[in-house]
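Please model the complete structure; the sequences and the hints are all you need to start from.
Protein chains: 2
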Amino acid sequence: MSLLQVCSHAGHLPLSQVAAVQGRVVLADVERVCVVGSGNWGSTVARIIGQNTERLGDRFDRSVKMWVYEEIVDGQKLTEIINTRHENVKYLPGVELPSNVIAVPDLAQAASGATILVFALPHQFLPKLLPTIQQARSSNAIAVSLIKGMATGCDISVLMGANVADEVARGDFCEATIGYRSKGNAELIKTLFEQPTFQLRLIPDPVGVEIFGTLKNVIALGAGFVDGLGYGTNTKAAIMRIGMHEMLRFGETFFPEMMKDTILESCGVADLITTCFGGRNRKCAEQFARGPRDWKQLEASMLGGQKLQGVSTIEHVHKMLRDKQVVGRFPLLDLIYRICMCACEPEEIVRSASTCYVAD
Amino acid sequence: MSLLQVCSHAGHLPLSQVAAVQGRVVLADVERVCVVGSGNWGSTVARIIGQNTERLGDRFDRSVKMWVYEEIVDGQKLTEIINTRHENVKYLPGVELPSNVIAVPDLAQAASGATILVFALPHQFLPKLLPTIQQARSSNAIAVSLIKGMATGCDISVLMGANVADEVARGDFCEATIGYRSKGNAELIKTLFEQPTFQLRLIPDPVGVEIFGTLKNVIALGAGFVDGLGYGTNTKAAIMRIGMHEMLRFGETFFPEMMKDTILESCGVADLITTCFGGRNRKCAEQFARGPRDWKQLEASMLGGQKLQGVSTIEHVHKMLRDKQVVGRFPLLDLIYRICMCACEPEEIVRSASTCYVAD
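Protein chains in written order, with our numbering: chain A, 2 to 361; chain B, 2 to 361.
Just to be clear, a hint being listed does not mean it is correct.
The list treats identical chains as one, so a pair stands whether inside a single copy or across any two.
Claimed, not checked - Once the Cα atoms are required to be at most 30 Å apart in a straight line, the calculated DSS-like pairs of lysine-lysine come out as:
1) K261 with K284
2) K184 with K261
3) K261 with K191
4) K297 with K284
Derived by calculation from the structure, the hints in this document are not laboratory data.
If you're wondering where the values come from, they're calculated on a predicted model, not measured in any experiment.
Laid out in structure tokens, this is it:
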């Protein structure tokens with residue numbers, strides 16, 4: 002979910018407080034990869050990684066372990082289905098997984114000896130899983146987070162971008178950003194993920210990558226209200242642009258080490274575009290503006306079990322703004338919060354938008 | 002159309018070569034406004050300005066002259082229709098114009114004594130009109146260009162942004178950017194245009210505003226190809242993001258005085274979003290990708306007399322890249338050119354997108 006929420010809910014250190022870790026001096030002879038998570042996005046990245054380890058066999062163990070939360074689908078275990086039919090019929094139906102992607106229901110077994118951990122699962126499951134992973138992983142393991150804000154005690158890079166899972170799985174061209182602390186480790190992760198249709202750029206700013214990845218879901222709620230009210234692209238583009246400036250200001254205010262130019266990477270402007278035109282926060286907010294105004298009900302009826310991240314994020318973000326007494330400098334975030342939480346009318350986002358010109 | 006084309010076709014100085022003009026020392030007692038042009042956008046801004054001069058009567062003559070190229074609509078002169086029914090039935094039907102907007106068919110009469118000239122018409126008409134305007138205008142007139150790249154011998158500001166005319170006319174919230182050389186004059190123009198639903202920000206970078214306004218139509222062709230090929234928002238957001246970087250690089254290469262941060266204004270990222278999702282360049286390029294591959298025919302059948310700006314712009318821009326021998330540093334612009342002009346397959350924009358990672 003977010004840097005902020007994982008930290009506060011789970012008691013972990015925020016990523017920004019993890020001490021910088023240098024690239025490992027002694028690299029493993031062969032890297033062993035474990036993908037922790039097997040939903041839509043986890044299965045998609047396991048597919049990419051499996052294709053790459055097959056191709057790069059001298060550097061990587063070709064088999065990729067994918068930890069799967071076991072469930073029964075049509076009377077059969079999901080791990081068995083994946084390992085025999087090479088398809089995650091529940092979360093990524095219709096897409097063939099490479100046969101070297103091995104579904105493993107036992108977490109300790111999946112993570113055993115892993116030198117590269119790829120986290121792709123809802124953040125709320127982490128606290129329960131991390132101790133097991135810590136024990137099983139290789140002592141010099143590195144990690145890449147496709148969620149946000151976690152600490153495992155090993156060097157973490159953060160991979161984010163304009164990545165709708167189904168489109169990535171289909172092999173459509175797209176980009177992503179890796180925010181890193183250790184460049185050497187990030188380059189290893191880039192090797193593991195990169196394909197001609199999946200281009201990665203390395204940026205030494207994991208915090209910026211996380212901030213934009215977190216707040217874009219909030220801005221997408223604003224974009225959804227605009228859609229639900231029937232406004233056109235002028236208005237939506239204006240809200241998105243103001244949102245970009247408040248994301249930058251949020252970074253300056255709370256994480257001054259953030260790099261401003263990260264906004265021009267895939268994890269910034271491109272992910273914002275994708276999320277504000279196609280994402281589930283936008284979709285639910287569009288319906289919210291039309292009514293009924295009940296997030297729980299909309300989440301249950303529209304998302305088929307997926308979570309609406311923007312709403313819990315804006316609650317947490319607004320508390321940070323209040324605690325630091327800077328609400329007035331974030332008029333758009335404040336408006337979105339009040340529409341989501343305080344029965345403020347969605348129309349206010351348009352009526353009050355002219356107040357969003359805070360002084361620079 | 003563009004800074005570049007007006008200059009080369011009409012022999013005018015580019016805006017960037019117009020000497021900076023200081024704010025006028027002696028302001029006119031009362032400013033007299035002439036809107037040159039009465040199409041969709043010209044009529045929309047005449048409506049805004051008319052509402053404002055009515056409200057700001059001590060500073061502005063309340064009547065706003067709008068030069069209208071005379072034509073007969075349903076047996077009646079268009080100027081007569083506008084002046085009696087207060088509606089431009091041909092170019093902005095269904096929207097009431099304030100009664101103080103006066104349609105004038107004679108250009109010299111419309112511009113007579115004008116202290117503020119607002120240019121909102123296709124650039125190709127300018128060369129014929131400018132001498133008449135030069136003679137009729139007040140000697141200390143200032144101008145604001147809603148087109149691009151013109152020189153009238155007076156101080157010019159440039160107004161651009163995510164402004165689909167019909168949405169602005171409807172009073173939907175939107176933003177725009179004024180790029181200026183003289184801040185005092187730009188503030189006067191801001192006063193003339195601004196409304197609660199039409200927010201303007203002043204930026205001392207008229208060149209940047211023009212570059213983004215010009216090149217966004219080219220990037221929108223790329224976005225249209227992606228749409229026509231059936232790709233989703235990942236791919237489209239990636240092309241738009243690469244496009245932003247090549248727009249910035251174009252500025253650095255040809256107009257080093259450009260300010261990079263202008264990309265974060267309405268004339269930059271927001272206008273790019275609007276144009277790549279809603280604009281006519283995108284629309285025609287989508288159809289082009291599906292076939293037939295004939296721009297003239299698409300323009301004639303899809304735009305109802307409006308012009309397709311992106312195609313002529315990329316021809317001109319590509320010539321600039323060739324002349325300076327920097328084509329290799331602009332792989333996306335080069336791809337779009339070759340798809341438009343050299344029978345390169347639209348699919349190449351996706352196949353070759355990974356080559357668009359030029360070194361920084």
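Hint check:
Taking identical chains as interchangeable, the C-alpha atoms of K261 and K284 lie at most 30 Å apart only when both belong to the same chain, with a minimum of 29 Å there against 33 Å between chains. In the homo-oligomer, the alpha carbons of K184 and K261 lie at most 30 Å apart both inside one protomer (19 Å) and across protomers (27 Å), since each shortest distance falls under that limit. For a Cα distance limit of 30 Å, the shortest separation of K261 from K191 qualifies both inside one copy, at 22 Å, and across copies, at 28 Å. Taking identical chains as interchangeable, the C-alpha atoms of K297 and K284 lie at most 30 Å apart only when both belong to the same chain, with a minimum of 14 Å there against 38 Å between chains.
Of the numbered hints given earlier, the model fails none.
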